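Asker: From first to last, the protein sequence lines stand for chains P and V. The first sequence begins at 587 in the working numbering and counts up one residue at a time. The second sequence begins at 2 in the working numbering and counts up one residue at a time.
Hints listed in this document are in silico derivations from the structure and should not be mistaken for laboratory results. Some hints here could point you the wrong way.
Said to hold, decoys possible - Examples of chain P residues toward chain V, derived with CB under 10 Å:
| no. | residue |
| --- | --- |
| 1 | GLY659 |
| 2 | GLY662 |
| 3 | TRP735 |
| 4 | TYR756 |
| 5 | ALA799 |
| 6 | SER802 |
| 7 | GLU803 |
| 8 | ASN841 |
| 9 | ASN862 |
| 10 | PHE864 |
| 11 | ASP869 |
| 12 | TYR896 |
| 13 | ILE897 |
What the hints assert, rightly or not - Lysine-lysine pairs mimicking PhoX-like chemistry, simulated, CA-CA at most 25 Å apart:
| no. | chain 1 | residue 1 | chain 2 | residue 2 |
| --- | --- | --- | --- | --- |
| 14 | V | LYS143 | V | LYS133 |
| 15 | P | LYS664 | V | LYS184 |
| 16 | V | LYS133 | P | LYS847 |
| 17 | V | LYS349 | V | LYS338 |
| 18 | V | LYS88 | V | LYS177 |
| 19 | P | LYS750 | P | LYS664 |
| 20 | V | LYS335 | V | LYS349 |
| 21 | P | LYS664 | V | LYS143 |
| 22 | V | LYS88 | V | LYS133 |
| 23 | V | LYS177 | P | LYS847 |
| 24 | P | LYS664 | V | LYS338 |
| 25 | V | LYS184 | V | LYS133 |
| 26 | V | LYS91 | V | LYS343 |
| 27 | V | LYS91 | V | LYS338 |
| 28 | V | LYS88 | V | LYS185 |
Note that this is a predicted model, so its numbers are computed, not measured. Glycine included, every Cβ here is placed at the ideal spot set by N, Cα and C.
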Amino acid sequence: MGQANGLSRHLANAYPGGILQFLNRNTRAIGLGDRVFTKAILVCGIAIVVLLLGIFVTLMIESLPAIRAFGIGFIGSKNWDPVAGAFGGLPFLVGTLITSLLALGLAVPFAVSIAILLGEYWKRGPHAGLLRSAVDLLAGIPSVIYGFWGLMVLVPLVRTFELKIHVAPYGVGIFTASIVLAVMIIPYAAALGREVIELVPADLKEAAYSMGATRSEVVRRVILPHASSGILAGILLALGRAVGETMAVTMVIGNSNFLPKSIFSPANTMASVIANEFTEATDEIHLASLVEIGLLLFAVTIVINIVGRYIIHRASVEA
Amino acid sequence: MKFVLGVALGASLFVAVGIAQVFAFQDELVGAGATFPYPLYSKMFDAYYQQYGVRINYQAIGSGGGIRQLMARTVDFGATDAIVSDKEMKSMPAEIVHVPTCVGAVVITYNLAGKDSLRLEPDVLADIFMGKITSWSDPRIKATNPNLHLPQMPIVVVHRSDGSGTTAIFSDYLSKVSDAWRKKVGRGKSLSWPCGLGAKGNAGVAGLIGQIPGSIGYVELSYARQNKMPVAAIRNSSGSFIFPSIESVSVAANIDLPDDTRISITDTPAKLGYPISGFTWLIVFREQAYGDRPRARAYRLARLIWWMLHEGQRFCTPLDYAPLPQGALGKAEKIVKSIVFKGEPLLKQ
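The following block holds chain V by itself, in its conformation from the complex (with noise of 0.2 Å):
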């Protein structure tokens, strides 16, 4: 009897479900983009889909992918880890707004024998992946690093070879630092790399520094942490050595900040900040009535990215993502609230 009841319970609830999912298609919104922010995505839409049944299809196809489509007008949302360029935002048919999510970091990670916690200099970094040092054993990185036994070993450079947002902030960082550097090779996604090994993905550079013994590369933060790869400290601008962290992290985007938030935040001035940082954002039109798009839809949006903000950021520290700190956050309400449908504002809390 008790097993009837269950089948018939267990059925009951399989077909509610069903039922559910049907109605829930409807409640659909579609976005695209940037792949560094992907688990924590999938894990806050999923989140979200469980509390309030609005399904959220977020194809991680990178930021370039993202802009282009949101330039097309095929999804709700883009999502870029690098800010949509001047030029962009003007072939955009209306005006955009970014706003941030989280904030995300690049660490230097590398292939030494039994010898975590290297400190880098910023203009010893540049120089390393700019071919001019060449050693492990250089007196100038020695300087910074005195109680470590450096051996007399060619120094590797491995770099991403795919275009990427990780590449684009570590570019910044490095202009921003070194003006060889600015000169020679500049700031983008792709680069016109002046040495080292080009590898795909934050896997493709992991796997070959732990193929080649005095490799250095560089990776998400996120991607570092969840493979426990050693990372180097780097000295930032309040000439502190950090450590890259959650907390270093969320501490680099706590400065004053722009009302759009469009800038990068490498080379903080926060003096206990990683100064290889930078913010993911999510891209939409700032007016919502384009096409056929309903009232409800441009709702449903804005009580999404509302959420991300809030609730949402729980997810960010479990999943190795730095949580947005306060000042960025009261920024970033107020864009989500200067999002309107036919000039009314969507939120109005």
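Excised from the complex, chain P in its bound form (with noise of 0.2 Å):
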């Protein structure tokens, strides 16, 4: 900024005539950078959108066979049997929102009190750069090292338990992938969540203590109300993660193709069936199957995605 105030006094004292004109081709100069900027944003913006839809046109031709020979009922057919082509998409859908709700069950608590401790507690210091720490860290794991502790650790732990109530001991199924993806997305909903709570404004928090609310009533009544949207976008964020995680997933759930009986049956979602089948799916129809549970897959996840803005709208507007 100097250094243009300089440059132009400079050029004002060599050309006195001159600089009305300097400094018009300058800003026609900015204005055409600027042009180019807004353009190349612009395209960027709309490249998005129009790979979005080409994900979805392409896995709709894709699935084509499959919407033919099945119709609606794909998705309320149990019935998945590559060997005679009859294919329907209910267990994987079943499977994937029980797990990904019993994932979010477990890991809400944890992440909302993640996020007041280190946005409320502990804003700074060694112990609270510690946890933002492991917190981050958590998110950073690949999965297939989730799943490798799920088998290794949680399985025999989950088989004992098993044992104690008199369930089949099997140690791989829902239950035990809805821990591991709990654990996969609490750093997810961690960190939206601290930051907004950071951001809830010091006067309110203060007037409610100069009215004499103790520190956790503040917590209640004025943080988490402020804060609830985006604590729930965080929420939401993180149920959109569960959905779609595979590889961690695959290694625990113990991959049957039926409806599960109970939260610790063994089951498979509509990631982990296509990640299982996909390669050796020479047959038309099975291919195209899989194509679909894709597309339900993106299906889910839009729904989720437009539950979740009315349900932060709604919160935002109470608050």
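Relying on the hints, combine the two individually framed chains into one complex.
Answerer: This is how it looks when you write it as structure tokens:
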């Protein structure tokens, strides 16, 4: 800034009459740069929308044989028989929804607690840094490592637990998959939650304190309501991640293509069946059915997004 | 002085190797397909490169992918553990041939404390995997294992969750020995399993079996041998209980074969053959002149396959694959000789 001023002063001294002209040309040049920049970001933005539509259209086209063969019944049918060429997506839809929601149920108390702790109680200091790094690191671990950990550590523990409560002691299944998923999604919900809690205006909190509120009352009555839409957004982001997770789930869910009978049953998810059967699916209808599962997964993600936006909107209006 | 000489020698060697690599890069063949023979193929291709300077780029993307890539003519050869079906053969742009390269087997492995050498009848095996026999103390298991103390423990079936040639061979065998299996489940790379847990890959199945007492599952022979897993003997069609081994698997393939070798050898009639065995094949177009392929490239491919059938076979046993028996080798040689370029056979020996 100072440099530019110096330059124009120098130019004004050198070419007293030409300064206006120079500045004019200069602003025109900036204007051109500005227009190019605007165009560039616009193109990038549109490209993403086009890409999204492109993926949707590709999934539609590739799954056409299955859509034609099974119609809307695909979603309601629980029969998945690659040998007979009969396909239905219900077990995978149910498997995905149950594991994701159960994982969310397990993750939310932890995520919100961590968010409050980091956003309100431990704002700085080495202990805060340690916890924050730990949570961030949790998000960076590759999912195959989580799967491995689940298989080696969780499966025997869950098995022991299942033996105690007298259900079939497989160790793998919906319950184990949900625990692994819960650990995986905690950082997503916690990080966003922490940020919005930090943004709660200090004067609101101080007003509450001045009226004699205790710290936990401030958290419950002031901070949480004020930050609720952001916390919900974080939880939703986490749900989206849980719905699409593939590798870790495949390793511990038991990959059984039946409708689960309980939360300890082996099951399968949409992402998992695609990962399992895609490479060796040579039959056209098998391949198309797997793509249709992908389309279904896409649709579930969109529904979660829309419902999420609605909830966030309502929460922010109330707050 | 010696040091300087050494450095100079090293540097020139380095440059020479570099140049050799640049030239070798042109001598490249591309293949894709089965994961099952991948350790063997990568060893073979490495040795072939050392000997002839022809680099072979093999991508183990699965048999299905190999078939699709060959169909699209993006690779010189495909590799598959399951016969390319008649339907797929018809959708190929031209005639393809199957060349068997070695014999693999599917072994039954299990988790029972301190008890090896389980013996199983074929129909008992089928009923276990159909969920009809659910306890280790079942009299039908006891009948063939009088000396084993079998606990009153539920059987947990573990199967592959990913589509695989291993599952194809296993289900092909069960379809031959059990009518109920054939009608209810059938044969294929992915199945609608009547019961049990699914795990991804040999490692996944082995991992679950290691975790769950009382479990039973199937993995490839080489995987089981390298990981020293307990394996069951299966009664073959001649009535003997046969343990899976390099010899018993090779013997299983030593039977009358059709000229195109497109045959399932499960439930083999060979007296001492292990019944859950199968070939793994390379697949190539019989007419190699397509696209802008030079004759030299086609010739290189034919030479490579010929080498794999002969010198290359010595790598099978150390890596726990069964080499081709004599009869199969004879058929395979004829098939390689039938590969042509513009109608002219590429190999004349």
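Asker: Taking the hints in turn, state whether each one holds.
Answerer: Results of checking the hints against the structure:
1. The interface hint given for GLY659/P is broken, as the beta carbon of that residue sits about 17 Å from the closest beta carbon of chain V, more than 10 Å.
2. The restraint placing GLY662/P at the interface with chain V is violated, with a minimum CB-CB distance near 17 Å, outside the 10 Å limit.
3. The interface hint given for TRP735/P is violated, since its Cβ lies 12 Å from the closest Cβ of chain V, which is over the 10 Å cut-off.
4. Hint on TYR756/P holds. Least Cβ distance to chain V is approximately 6 Å, under the 10 Å limit.
5. Because the closest C-beta pair between ALA799/P and chain V is about 51 Å apart, greater than 10 Å, the hint is violated.
6. At a threshold of 10 Å, the smallest CB-CB gap from SER802/P to chain V is about 43 Å, leaving the interface hint violated.
7. Evaluation of the GLU803/P hint against chain V yields a violated restraint, the C-beta minimum of about 48 Å exceeding 10 Å.
8. Satisfaction of the interface hint for ASN841/P is found here, the shortest Cβ-Cβ separation to chain V being roughly 3 Å, below the 10 Å cut-off.
9. Look at ASN862/P: its Cβ gets to within about 4 Å of chain V, closer than 10 Å, so that hint holds up.
10. Against a cut-off of 10 Å between C-beta atoms, the interface hint on PHE864/P holds, since the closest Cβ of chain V lies about 8 Å away.
11. Taken as an interface hint, ASP869/P checks out: its beta carbon lies about 8 Å from the nearest beta carbon of chain V, inside 10 Å.
12. Hint on TYR896/P is violated. Least Cβ distance to chain V is approximately 36 Å, over the 10 Å limit.
13. Evaluation of the ILE897/P hint against chain V yields a violated restraint, the C-beta minimum of about 35 Å exceeding 10 Å.
14. Only pairs whose Cα atoms come within 25 Å are accepted, and LYS143/V paired with LYS133/V is accepted, the gap being roughly 15 Å.
15. Using a Cα cut-off of 25 Å, the hinted pair LYS664/P and LYS184/V holds, with the two alpha carbons roughly 19 Å apart.
16. For the suggested pair LYS133/V and LYS847/P, the alpha carbons sit about 19 Å apart, so the restraint of at most 25 Å is met.
17. Annotation: proposed proximity of LYS349/V to LYS338/V holds, straight-line Cα distance about 7 Å (limit 25 Å).
18. Between LYS88/V and LYS177/V the CA atoms are separated by roughly 21 Å; this keeps the pair inside 25 Å, and the hint holds.
19. Distance restraint check for LYS750/P and LYS664/P: the Cα-Cα separation of roughly 31 Å exceeds the 25 Å cut-off, and the hinted pair is therefore not satisfied.
20. Using a Cα cut-off of 25 Å, the hinted pair LYS335/V and LYS349/V holds, with the two alpha carbons roughly 11 Å apart.
21. In summary, the hint linking LYS664/P to LYS143/V is not supported, as the alpha carbons are separated by about 36 Å, beyond the 25 Å threshold.
22. At most 25 Å may separate the alpha-carbon atoms for a hinted pair to count; LYS88/V and LYS133/V exceed this at roughly 34 Å.
23. The suggested pairing of LYS177/V with LYS847/P is violated, with an alpha-carbon distance near 32 Å, which exceeds 25 Å.
24. Straight-line distance between C-alpha atoms of LYS664/P and LYS338/V comes to about 50 Å, which puts the hinted pair past the 25 Å bound.
25. For the proposed pair LYS184/V and LYS133/V, the alpha carbon gap of about 15 Å is at most 25 Å, so the pair holds.
26. Proposed proximity of LYS91/V and LYS343/V is supported: the alpha carbons are some 21 Å apart, at most 25 Å.
27. A distance of roughly 23 Å separates the Cα atoms of LYS91/V and LYS338/V; the hinted pair therefore holds under the 25 Å criterion.
28. Restraint check for LYS88/V and LYS185/V: the C-alpha separation of about 23 Å stays at or below 25 Å, so the hint holds.
Against the hints set out earlier in the document, violations occur for numbers 1, 2, 3, 5, 6, 7, 12, 13, 19, 21, 22, 23, 24.
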